Every structure is written in structure tokens, then in C-alpha cells.
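Quick mapping for you: the protein sequence lines, in order, are chains V and Y.
Under the numbering used here, the first residue of the first sequence carries the number 1, and numbering increases by one thereafter.
Under the numbering used here, the first residue of the second sequence carries the number 123, and numbering increases by one thereafter.
The hints are simulated quantities; they were obtained by calculation from the structure and are not laboratory data.
Because the structure is a prediction, the values reported are computed rather than measured.
Do not rely on the hints blindly, as some may be mistaken.
As the list claims (entries may be wrong) - If you want a taste of the chain V side facing chain Y, the calculated C-beta under 7 Å gives, among others:
(1) V20
(2) D34
(3) E72
(4) G100
Said to hold, decoys possible - Counterexamples of contact, computed for chain V against chain Y with all Cβ distances above 12 Å:
(5) P12
(6) P13
(7) R14
(8) V47
(9) E48
(10) G49
(11) V51
(12) Q81
(13) L89
(14) A90
(15) K92
(16) D109
(17) R115
(18) V119
(19) E122
Beta carbons: idealized from backbone N, C-alpha and C, even for Gly.
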Amino acid sequence: MTGFDKQSPAAPPRYFLPAVDVSESKDELVLVADMPGVAPEALDVTVEGGVLTFSGRVAPGPERGLETVHQEFLKGDYFRQFRLPREFLADKVEAVLKAGVVTIRIPRDERSKPRRIPVRAE
Amino acid sequence: MRRGSGKSNEEMWKLAQRMNRLMEDWMHARFRGSGDEGWVPAIDIIECAAKLQIIADLAGLKADDVAVVWTTKTLTLSGTRTLQPLDQQVQVHQLEVARGSFCRMVELPAQVDPRTAKIFYHAGILTIVVAKEKPAKKIAPPAGPTG
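Could you build all of it, start to finish, from the sequences and the hints given here?
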């Protein structure tokens, strides 16, 4: 699928790009994204103009009086966009967040599914 | 009494941790494709006067899926992240999400008492809070007879 991943000029100035799996079956398009540290109320999933956007806010680092002595897990907001192919229903997007992983499912438009054309014998 | 530079020791410790991390990344990259699709979770260590807080990015797991092994100076986290298997009818466009087994050992900046460890898992982040071991109290020798 070409031109699927899209980065918008509307993206925040600084953000982390979450790791995303994208797969497609005959019924739906599924995106699985790692967004550890994001609570359900801090996750936004929107579709506008055929572009799926998901972003999540992560609470800031350690409280006052604590010192970070070793840091690998950088804190910041997540942001990623994908242009949805036309054969998927942008108004039927479903998102579930569990254990820091968001799963987004977009059903395929029935009209775009392959169908067998009955052949009439004459 | 001459004291070592605390700042210098801390920098050396951070450098050693970075080297360990690079080695682990290299080892995992080296053996990737040999059947073991291992990954390396990111870990933060935060310190206050009495405690250490260890934070690990372990999205997609449950607290019970993670084995935690302590020594007084090291912590090892290991487990396996399994994602829903993909149907053969599924067409995959991209696979970026880490999966498979992981095993990560970190050296702690202070000795800890593992019996005090409390483990929390929320929103894909494992947080462990553990008390630092208290230094043994020096017992002053009994005063000798005077006079």
C-alpha cells in the first residue's frame, strides 16, 4: 500500500512516533500501536479528510525531590497519522486501549469486497 | 580522610550503564533472525534518599507475565510478549511493534532490600519501588575505664 503513512504539518512541534503494526484482511484494516504511559482519557483518535490521527499525552517525569539516575524511556507525547485507503469506512473506526497498546479497527466497505459475478449460460 | 569524587563516580556509573545497554542492543541485533526475535525494553531508574524507582516500558504485557529477579545490586526483568497471531489471510503492511522474549538486567545505583519491593503495572508501564539497604550502624566501642 503506497502513500499510507502521512505526516501532517499540523503535528505538534515535538513528539514521539509510536511503533505501529498495520495489517489488512478481507473484512478490516487493523492498526496496533505501542503507546505506554497513555491513559484512556489522554488518547485522541480522529479521522478527518480520510486521514487517521492518533495522539496520546504522557504524564511528565519524576516528582520533585527525586533524581533520574538512568534514563532510556523518554517522556513525551505520541503522534502519528495515516492516510486511509478509500475502501475502508472512516466513519466506523473503533479504538481500544489496553496495557499501553491501542488497537484501531476500520471495517472494509462491503462494496469494495471482492464478489463473484454470476455467469448466465445462454 | 580523602573522599572520592561523587560526581565522577556517578558519571562512570552512567557510562557503564550506557555501555551495557549498547552491548545488549548489539547482542539482540546480532542474533535477530536466528529464530529468537528478542527485544530490549527501555528502563528508567529514579532515586531519592531512601528508595529507588525502576520504570520499564512493557506495553502489551500483564504484571504476571514479567519475571523479576533481584540481587542486592542488580535487577533482571524477563518475559515474553505475544501479540495476536496473524491469520494467513491477513496482508501485513508494516510490523514495528516489539514482540517475542526479552531479558534485561540493570545494575542498580545503590544496594536495595528486595523484600521491600512493590510492583505496579499500569498503562503498559511496570513500576517497581524498592527501599535502599540501610548502611549498618557503627557501634562505638565501650568506653574504657577512666583514671
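Now for the hints, and whether the structure bears them out:
1. V20: Interface hint status for V20(V): holds (5 Å vs cutoff 7 Å).
2. D34: 5 Å, holds
3. E72: Holds. Min distance 4 Å.
4. G100: 2 Å, holds
5. P12: 20 Å, holds
6. P13: About 23 Å separates P13(V) from the closest Cβ of chain Y, which puts it past 12 Å; holds.
7. R14: Non-interface label on R14(V) holds, nearest chain Y Cβ at 18 Å vs cutoff 12 Å.
8. V47: 18 Å, holds
9. E48: 21 Å, holds
10. G49: 21 Å, holds
11. V51: Holds, because the least Cβ-Cβ distance between V51(V) and chain Y comes to about 16 Å, which exceeds 12 Å.
12. Q81: 14 Å, holds
13. L89: Fine: 18 Å to the nearest Cβ keeps L89(V) off the interface.
14. A90: 17 Å, holds
15. K92: It holds; K92(V) is separated from chain Y by about 19 Å at its closest Cβ, greater than 12 Å.
16. D109: 17 Å, holds
17. R115: 17 Å, holds
18. V119: Since the minimum Cβ distance to chain Y is about 25 Å, V119(V) lies beyond 12 Å and the statement holds.
19. E122: 35 Å, holds
Hint compliance for this structure: no hint is broken.
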